[in-house]
Amino acid sequence: MQLYETTFIVNPQTDDASLDRQVRAVADLITTSGGRIVHEDRMGTRRLAYPIKGLTQGYYTSIVFEGPAEVLPPLTRHFKLGEAYLRHLTILFEGDVEALAAGRQAEPAADSRADARPRRPESPRAEIPSKAPARVEEPETEAEIPGRRAVRRVDEPASGATEEEAEL
Amino acid sequence: MAELRRRKFCHFCENIVTHIDYKDERLLRRFVNERGKIIPRRITGNCARHQRQTTRAIKLARLMAFMAFESESFR
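Just so you know, the protein sequences line up as chains A and B, in that order.
The numbering of the first sequence is the working numbering, which starts it at 1 and goes up by one.
The numbering of the second sequence is the working numbering, which starts it at 1 and goes up by one.
Errors might be hidden in some of the hints.
Mimicking DSSO-like on lysine-lysine, the simulated pairs with C-alpha atoms at most 30 Å apart in a straight line are [stated by the list, open to error]:
| # | chain 1 | residue 1 | chain 2 | residue 2 |
| --- | --- | --- | --- | --- |
| 1 | B | K59 | A | K53 |
| 2 | B | K59 | A | K80 |
| 3 | B | K23 | A | K80 |
| 4 | A | K53 | B | K23 |
| 5 | B | K59 | B | K23 |
| 6 | A | K53 | B | K37 |
| 7 | A | K53 | A | K80 |
| 8 | B | K37 | B | K59 |
| 9 | B | K23 | B | K37 |
Quick caveat, the hints were computed from the structure, so don't treat them as lab data.
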């Protein structure tokens with residue numbers, strides 16, 4: 001038994017009922033072929049990054065399910081035969097199941113953090129795992145050698161100023 | 001840019017991210033330039049492991065039309 005995640009795009013140019021039917025058809029197929037649905041996320045109608053079959057919008061759904069590998073061939077065939085499915089992708093699920101169960105609470109937080117662009121985190125050193133230390137030490141050595149900073153400021157007056165401001 | 005050059009951190013190591021979701025387009029957009037090309041880790045400061053994960057996530061996101069393949073006007 002493996003955890004899989006299948007994401008697919010349905011043509012949104014139909015009524016809600018048939019849209020729902022298309023999504024439920026996938027879920028039903030998974031359960032009838034021996035899978036168990038762990039989480040279903042209907043992301044809804046989103047803008048496509050590029051047109052597919054002349055459409056600019058698509059109805060996204062993502063289903064995380066557990067099951068034997070035998071679930072996958074019928075699922076793929078279903079997507080290929082169904083003309084309403086614009087795209088489909090089934091991959092091994094590597095995320096956190098518990099976070100899924102907790103719902104969307106974790107996700108928006110991650111999103112907002114990404115938007116905040118924390119390039120200069122307030123207290124990064126404590127959080128950084130063993131990987132980064134070589135890089136983390138860089139600014140410290142810079143601080144110890146004032147000459148280096150001075151040279152840098154002469155080279156790049158504008159950027160030096162912004163760095164100072166950012167530090168404040 | 002100056003900030004980036006001065007101190008590079010792996011965004012995912014900082015936030016202790018173990019898995020990068022290809023559906024999180026808003027996050028991935030940070031690691032792609034205006035044309036939709038993947039930014040090298042020499043610029044972003046990602047560690048090797050997370051850059052691999054990011055790259056894979058971006059490529060999957062492109063397949064599923066969450067993100068554009070290279071384009072003249074990205075967003």
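Practice item. Take the C-alpha atoms of B/K59 and B/K23, compute the straight-line distance between them, and say whether it is at most 30 Å. Key: It holds: about 11 Å lies between the C-alpha atoms, which stays within 30 Å.
**Study point:** Distance restraint between B/K59 and A/K80, which requires alpha-carbon spacing of 30 Å or less
**Key:** 21 Å, holds
Review point. Can the restraint linking A/K53 and B/K37 be considered satisfied, given a maximum Cα separation of 30 Å?
Key: Roughly 24 Å between the alpha carbons, so the hint for A/K53 and B/K37 holds.
Review point. Do the alpha carbons of B/K37 and B/K59 lie within 30 Å of each other, as the hint requires?
Key: Roughly 10 Å between the alpha carbons, so the hint for B/K37 and B/K59 holds.
**Study point:** Pair hint outcome, A/K53 versus B/K23 [Cα-Cα no greater than 30 Å]
**Key:** With a Cα-Cα distance of about 21 Å, the restraint between A/K53 and B/K23 holds, given a limit of 30 Å.
Practice item. For the pair we were handed, A/K53 and A/K80, check the Cα-Cα distance against 30 Å. Key: 14 Å, holds
Practice item. Compare the distance between the alpha carbons of B/K23 and B/K37 with 30 Å, and conclude whether the hinted pair is satisfied. Key: 17 Å, holds
Point to revise | Restraint check for B/K59 with A/K53, where alpha carbons must lie at most 30 Å apart | key: 20 Å, holds
Practice item. Please work out if B/K23 and A/K80 have their alpha carbons no farther apart than 30 Å. Key: 22 Å, holds
Consistency with the previously given hints is maintained throughout, with no hint failing.
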